[in-house]
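Q: Whole structure, please, built from the sequences with the hints as guidance.
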Amino acid sequence: MAAVSGLVRRPLREVSGLLKRRFHWTARAALQVTVRDAINQGMDEELERDEKVFLLGEEVAQYDGAYKVSRGLWKKYGDKRIIDTPISEMGFAGIAVGAAMAGLRPICEFMTFNFSMQAIDQVINSAAKTYYMSGGLQSVPIVFRGPNGASAGVAAQHSQCFAAWYGHCPGLKVVSPWNSEDAKGLIKSAIRDNNPVVVLENELMYGVPFEFPPEAQSKDFLIPIGKAKIERQGTHITVVSHSRPVGHCLEAAAVLSKEGVECEVINMRTIRPMDMETIEASVMKTNHLVTVEGGWPQFGVGAEICARIMEGPAFNFLDAPAVRVTGADVPMPYAKILEDNSIPQVKDIIFAIKKTLNI
Amino acid sequence: MRKMLAAVSRVLSGASQKSRHGFAMLPSLVSISRLKQSSHLGLPKCWDYSHSLKTRQASRVLVASRNFANDATFEIKKCDLHRLEEGPPVTTVLTREDGLKYYRMMQTVRRMELKADQLYKQKIIRGFCHLCDGQEACCVGLEAGINPTDHLITAYRAHGFTFTRGLSVREILAELTGRKGGCAKGKGGSMHMYAKNFYGGNGIVGAQVPLGAGIALACKYNGKDEVCLTLYGDGAANQGQIFEAYNMAALWKLPCIFICENNRYGMGTSVERAAASTDYYKRGDFIPGLRVDGMDILCVREATRFAAAYCRSGKGPILMELQTYRYHGHSMSDPGVSYRTREEIQEVRSKSDPIMLLKDRMVNSNLASVEELKEIDVEVRKEIEDAAQFATADPEPPLEELGYHIYSSDPPFEVRGANQWIKFKSVS
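Top line first, the protein sequences correspond to chains V and L. Position 122 (the first sequence) corresponds to 122 in the UniProt record's numbering; numbering is contiguous. Position 420 (the second sequence) corresponds to 420 in the UniProt record's numbering; numbering is contiguous.
Read the hints as simulated data drawn from the structure, not as lab findings. Note that this is a predicted model, so its numbers are computed, not measured. Hints should not be assumed to be uniformly reliable.
What the hints assert, rightly or not - With a straight-line cut-off of 25 Å between C-alpha atoms, the simulated DSS-like cross-links for lysine-lysine are: (1) V:219 x V:76; (2) V:80 x L:224; (3) V:52 x L:224; (4) V:347 x V:336; (5) L:351 x L:374; (6) L:253 x V:80.
As the list claims (entries may be wrong) - Here are the simulated distance ranges between beta carbons: (7) V:155 x L:402: 41 to 47 Å; (8) V:51 x L:402: 36 to 42 Å; (9) L:251 x V:217: 37 to 43 Å.
As the list claims (entries may be wrong) - Computed, partial: chain V to chain L, Cβ under 10 Å: (10) 93; (11) 98; (12) 102; (13) 119; (14) 130; (15) 136; (16) 155; (17) 170; (18) 194; (19) 195.
Virtual Cβ for every residue (Gly too), placed ideally from N, Cα, C.
A: Here's what the structure looks like:
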């Protein structure tokens with residue numbers, strides 16, 4: 001029965017997130033949803049729920065989204081709610097922030113976060129700092145979303161990871177989903193949050209399907225911002241990551257499991273505010289720590305985790321120095337062999353884990 | 001009754017240097033009832049000006065029994081037009097009530113800015129302090145042309161607008177001195193003051209313009225016939241993001257009035273040295289524009305009414321250039337004479353001062369008397385003095401609140417201080 005319904009559901013799912021095509025069985029089975037469709041669903045549900053929510057960005061409407069993430073939304077909601085902008089990042093990011101100040105709930109899409117650098121002043125100075133500067137008078141309920149970090153063969157100007165840059169700033173919330181469940185739950189929480197939230201998606205993950213648990217199919221499925229998830233329980237070492245590298249960590253953990261090493265893999269889900277409690281509790285259990293991220297090493301997410309571990313109770317439980325696995329400290333090269341070696345691969349993670357465990 | 005009359009003549013003889021015979025006469029019936037209302041001729045200490053022009057009562061001042069005109073018609077300068085067939089009218093009617101309101105408001109802004117200058121020199125205000133004395137006709141005139149339900153955003157020379165948009169001088173000065181009674185609880189300072197439908201106070205030159213276009217988008221989205229006044233200076237007018245905002249505002253027909261407050265200098269750079277085209281009202285290209293005499297409050301008011309009507313009719317954005325002048329330098333750290341001459345400043349002061357222009361008009365058309373306006377000056381001075389007292393005496397915000405207001409609507413959490421052992425609680 002489940003197989004038949006799966007056969008029927010999957011093609012419909014892949015067409016769009018719009019049709020009300022949930023079959024009402026007494027028990028909902030898990031189904032496969034790509035990260036792209038999960039984000040689409042999340043936005044669709046929030047657009048439906050609150051008429052103040054709207055989406056703006058380049059190609060989000062008639063093109064269905066540069067990466068098809070907003071497919072079908074313009075057809076359903078029209079020009080007022082799904083707005084195509086000219087190529088004016090600083091301008092339209094500022095317009096989005098102004099609309100948020102005036103009480104609307106915009107979702108501002110950057111085609112990639114590399115282009116958000118054009119608009120970073122509006123994100124930081126106009127959005128992030130305003131609630132504080134106004135003494136609590138002016139809130140800015142805005143979401144900035146888009147693909148972040150390395151893609152495939154897009155070279156240096158289109159491959160930067162902004163987790164550390166945005167994670168640096170008080171007043172912002174920064175989330176980084178890995179799988180479909182993350183993507184849907186976090187985008188919905190971000191839209192409902194009354195603060196500026198940066199959602200760092202990943203282009204290479206958009207097409208990857210994941211099992212969608214029953215609770216994720218609810219229209220009120222939210223993942224709390226600021227809470228990490230332990231994707232895999234383990235005892236020998238804590239491996240902390242965010243976004244696409246979480247998948248690599250799980251692969252590494254699977255390989256190491258065969259050798260008798262059990263890794264506890266933590267999916268951060270949120271960069272800011274960082275869930276140190278979960279990380280610390282895990283390190284206090286396993287006594288070893290490896291952080292994995294796609295961004296550059298200097299002043300990165302891993303650097304912050306290591307610094308905080310030293311400041312907290314978990315330091316005394318470490319049996320070895322904490323280790324970081326990161327992108328190479330170079331602008332992203334184009335040639336495949338160079339690009340492959342500029343981002344953390346599974347073998348790099350395994351090597352780092354073994355070094356830390358001294359095996 | 002005798003006591004009241006004695007008090008009356010005391011005030012009048014003190015208030016006016018050229019007293020006229022009329023003042024020895026008995027005050028009119030209207031004035032007596034006003035006397036009965038207040039126990040002394042001065043105003044109650046905490047008279048609050050924080051409601052809009054339209055609701056403000058102007059005539060609490062004792063007047064002699066001569067009759068004033070109810071209103072007068074004035075000719076105002078014709079505006080230069082860009083892509084517009086017609087402009088604002090060249091005559092306007094000013095009522096006595098409105099005239100007194102505008103005078104009081106402009107005088108309040110003037111004295112407030114001068115008080116800020118004084119406090120800054122005494123080092124009671126620190127950091128940035130950008131004063132707008134000379135530009136009073138802009139903030140008061142714009143407010144006179146719109147409704148309180150309309151929206152306004154400007155850059156860092158914002159104290160005047162903060163007042164005209166409804167905050168009290170107390171809250172403004174206390175924010176400048178960084179005290180907890182400040183409108184942003186001391187967290188923002190000079191450039192970050194907010195009020196209802198007033199979005200600051202913005203420190204990054206030009207960034208407020210896309211924000212204003214976004215507020216206009218919200219106005220259109222909500223369908224409530226509101227407009228957004230989006231101000232920037234002649235220096236900011238060369239920012240790229242402003243042209244991005246022009247494009248989108250015109251494309252989407254946003255009800256945005258772009259207003260360039262051209263005071264001839266962007267910090268120390270005169271307009272001729274900064275802009276290839278100093279016709280700022282034409283810089284919107286496809287957006288219609290008008291160039292307005294920003295020293296004449298009636299001209300500003302009429303132009304604003306015209307521009308607001310244009311936007312409200314759904315035709316899209318419009319651009320106004322207000323030609324104005326600032327007496328102070330760019331900020332308190334700029335004496336303001338290295339890039340312009342003292343003679344120039346003096347000439348504007350003597351020929352085009354906005355308060356003087358309004359005063360002359362009102363007195364010459366019998367809308368008010370010199371003495372009456374001087375009486376308003378006295379009251380304003382007192383109000384500013386009281387506000388400055390408060391701003392100096394109020395305590396700084398408590399250290400415990402350093403971490404407050406990071407996030408909105410969130411449960412409390414901890415914020416790191418200068419080292420890992422210093423923690424501040426953060427409350428929304």
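Q: None of the hints should be skipped; say for each whether it holds.
A: Cross-check of the supplied hints:
1. V:219 x V:76: Between residue 219 of chain V and residue 76 of chain V the Cα gap is close to 17 Å, so the pair holds against 25 Å.
2. V:80 x L:224: holds, 15 Å
3. V:52 x L:224: Holds, at roughly 14 Å.
4. V:347 x V:336: Holds, because 17 Å separates the two Cα atoms, which is no more than 25 Å.
5. L:351 x L:374: holds, 20 Å
6. L:253 x V:80: With a Cα-Cα distance of about 12 Å, the restraint between residue 253 of chain L and residue 80 of chain V holds, given a limit of 25 Å.
7. V:155 x L:402: 41 to 47 Å: holds, 44 Å
8. V:51 x L:402: 36 to 42 Å: Taking Cβ atoms as reference, residue 51 of chain V and residue 402 of chain L lie about 38 Å apart, which means the hint holds.
9. L:251 x V:217: 37 to 43 Å: Cβ of residue 251 of chain L to Cβ of residue 217 of chain V: about 39 Å, so the range 37 to 43 Å holds.
10. 93: holds, 7 Å
11. 98: holds, 2 Å
12. 102: At 4 Å from the nearest chain L Cβ, residue 102 of chain V passes the 10 Å test, so the hint holds.
13. 119: holds, 9 Å
14. 130: At 8 Å from the nearest chain L Cβ, residue 130 of chain V passes the 10 Å test, so the hint holds.
15. 136: holds, 4 Å
16. 155: Residue 155 of chain V check fails; min Cβ-Cβ to chain L is 26 Å, beyond 10 Å.
17. 170: holds, 6 Å
18. 194: holds, 4 Å
19. 195: Result: holds, 5 Å to nearest chain L Cβ.
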